[in-house]
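Fit chain B to the given chain A structure using the hints.
The chain contents come next:
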Amino acid sequence: MYKITKKEYLAPNIYLMDIEAPRVARAAKPGQFVIVKIDEKGERIPLTICDYDKIAGTVTIVFQTMGSSTKRMALMEVGEYFEDFVGPLGRPSDFVEEDLEELKKKKIMFVAGGVGAAPVYPQIKWLHEKGIDADAIVGCKSKDYLLLEKEMKIVTGNLYVATDDGTYGYKGFVTNLLKDLIEKEGKKYDVVVAIGPMIMMKFIAKLTKDYDIKTIVSMNPVMVDGTGMCGGCRITVGGETKFACVDGPEFDGHLVDFDQAMRRSTQYKTEEGHVCNLGLGVNK
Amino acid sequence: MEIKKRVQVKEQAPEIRKANFEEVCLGYSLEDAVEESRRCLHCTKPLCVTKCPVSINIPEFIEHVKNSEFEKAARVIAESSALPAVCGRVCPQESQCEGKCVLGIKGEAVAIGKLERVVADWSRENNIDLSKTFSKNGKKVAVVGAGPAGLTCAGDLAKLGYDVTIFEALHKAGGVLVYGIPEFRLPKETVVQHEVDNVKALGVKIETNVVIGRTVTIDELISEEGFQAIFVGSGAGLPIFMNIPGENSNGVFSANEFLTRNNLMKAFKEGYDTPIKAGKKVAVVGGGNVAMDAARTALRLGGEVHVVYRRSKAELPARAEEVHHAIEEGIIFDLLCNPVEILADEKGWVSGIKCIRMRLGEPDASGRRTPVELPGSEFVIDVDTVIMSLGTSPNPLIATTTKGLQANKRGCLIAEEETGKTTLEGIYAGGDAVSGAATVILAMGAGKKGAKSIHEYLSSKNDIQI
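First to last, the protein sequences are chains A and B.
Here our numbering is used: the first residue of the first sequence is -11, the next is one more, and so on.
Here our numbering is used: the first residue of the second sequence is 46, the next is one more, and so on.
Bound conformation, chain A alone (with noise of 0.2 Å):
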């Protein structure tokens, strides 16, 4: 059992919680992600890890309500335990494993979108306790939808931010702002890592091939055990089937097949949350 020590309201719909998980927090590296089962009947949620604590031994995470598991989840208190909850699962960011002096070169840009913040908090973080401050362009809908920016303002270089609708920082898309920020800003980048929803990481992909920058996308298909046994998580990439979950989730964001992996996201959308569709024909 897996204790919940901390839940705070982000936006609508999206909360962080902290989980007491010591062996999850020990392993745990930037770009890996944890599987969650809050009870006997949840479903088993892949989310990406927003911060870890190796002392208390506890696991940040940020979630957004969608189907009947996270929104069970998120009627969850301080004090609460969620049955399971397994990880690190995937391969950790590349730069975990990168010659620092090396990596110290290099001009890193995060783009994140909506939840993206979250998983992308930690990528930067790690950095900026090795001594390198990376810029970031967060974006959601509106202000009430921006998260963590305190936090992210701590430990990045320049964090930009932009809003659909112009109430907070930038108005418009993050890949338009990205855009103005190489185009007329003069800004350079050696690397952009985007984690968003696949439309956005879709775009930004193919706004920085344009520039052939180095892109990394993190990806969050649909997934069982989140250890490579169901492969419901494999995408396509550079025309070689992958499976997120071991392979990944952090692929080469100009090999992807995004309308592919859009397409397969949707596989199981009319299910959730409708049981009536399950066990046709079954004598209960």
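Below, computed lysine to aspartate or glutamate pairings styled on DMTMM-like, alpha-carbon distance capped at 20 Å:
#: 1; chain 1: B; residue 1: LYS399; chain 2: B; residue 2: ASP379
#: 2; chain 1: B; residue 1: LYS233; chain 2: A; residue 2: GLU28
#: 3; chain 1: A; residue 1: LYS257; chain 2: B; residue 2: GLU315
#: 4; chain 1: A; residue 1: LYS257; chain 2: B; residue 2: ASP390
#: 5; chain 1: B; residue 1: LYS314; chain 2: A; residue 2: ASP27
#: 6; chain 1: A; residue 1: LYS42; chain 2: B; residue 2: GLU269
#: 7; chain 1: B; residue 1: LYS454; chain 2: A; residue 2: ASP235
Sample of chain B residues facing chain A (criterion: CB under 8 Å; computed from the structure):
#: 8; residue: ALA214
#: 9; residue: HIS216
#: 10; residue: VAL261
#: 11; residue: LEU283
#: 12; residue: ASN293
#: 13; residue: ASN295
#: 14; residue: SER299
#: 15; residue: ARG306
#: 16; residue: MET310
#: 17; residue: GLY316
#: 18; residue: LEU442
These are calculated hints, taken from the structure and not from any lab test.
All residues carry an ideal CB built from backbone N, CA and C; glycine is no exception.
The following block gives chain B in isolation, referenced to the frame of chain A:
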């Protein structure tokens, strides 16, 4: 001498069972069991035992059944097997113990599997405590994976006094017994959970939600957590796909995904959050036991189901009993045809499976006749769902995160067959992680050998230190 026929076992009628997830085979009554046990000849050299991977003293437990001494029979089986109610249901007895039964030469073999099952079920229903207390030797052993190999290895080591912890990646212990084999062949709550609890009753600890290689590595288990030996029974969990066009279309699933959603996550039950795509017309590609399980599950979820297999009925790798049950339930077998492409509609959903007809050519290395394509014979089966059941291979995670632990090119850990010894000192392995996908009982046999080797290894280490 006329050989008496085997006592028939009762089953749910096909037209009823195809719409529920209750067990198909209802098992023997005690009276049936006693009657069947009388058929055993009690051979002086029982060949049945030699073919049992865990060497159950079969004639002895059958003798007890004959005398209606079910508790004694259960104790005899418990000496060799931790999972008798599971094995009584899913072992391929026809090619093991029963395959060697002398009665089988001219008639029907003794129904050893069904007798094992009735004894195990009786023992469970009557709350017979088969656990014993063993004096502890204070040595810590870790077991990776709570499937048939791991549970068996852990149980045997606990009986020898070791302090054993099993690390399981999923949230429930049982491995393929909980995620793979469906409820209608192997009930989870009653049978599997009870046998897992029996292993725990021997003093074995099971820590779920620990992915070895990610949460903690093999090296850390030794250097930081004080384990003196490790048995890796992590199974063969990686699904194999065909690499044909259209395979990533919506509505194409691995049998692993389909069965895990249904069995482990209980998608078929009301109130459970995990969804499953049942499909109205389903093609299951493959002919093994897993393919039969997937096909019969899809049928129970309301689909018309085709099994697409490239050889003929005689070569189907599934147990004859499973094929027979599938046919009875109305599964359609499209034999001697092989998928070449999966067709999708404009939204990317499966609309059909294009197959090519095959004929059987010369026998290959395995002795089975090789299927050969008949040029120009392509045809399309209209389906909305395709389930790929072409086998599985071991997960590379442990081999790739443990320096010096070698695997072959199929991803199977390299381990000596008789001892389970790997390329690293103190690390043993067995079951599907070594053999590739095989059977529950072979994995249990490997778990037993692993336990014996670990005991010998740690005992000799002790001697040297003294």
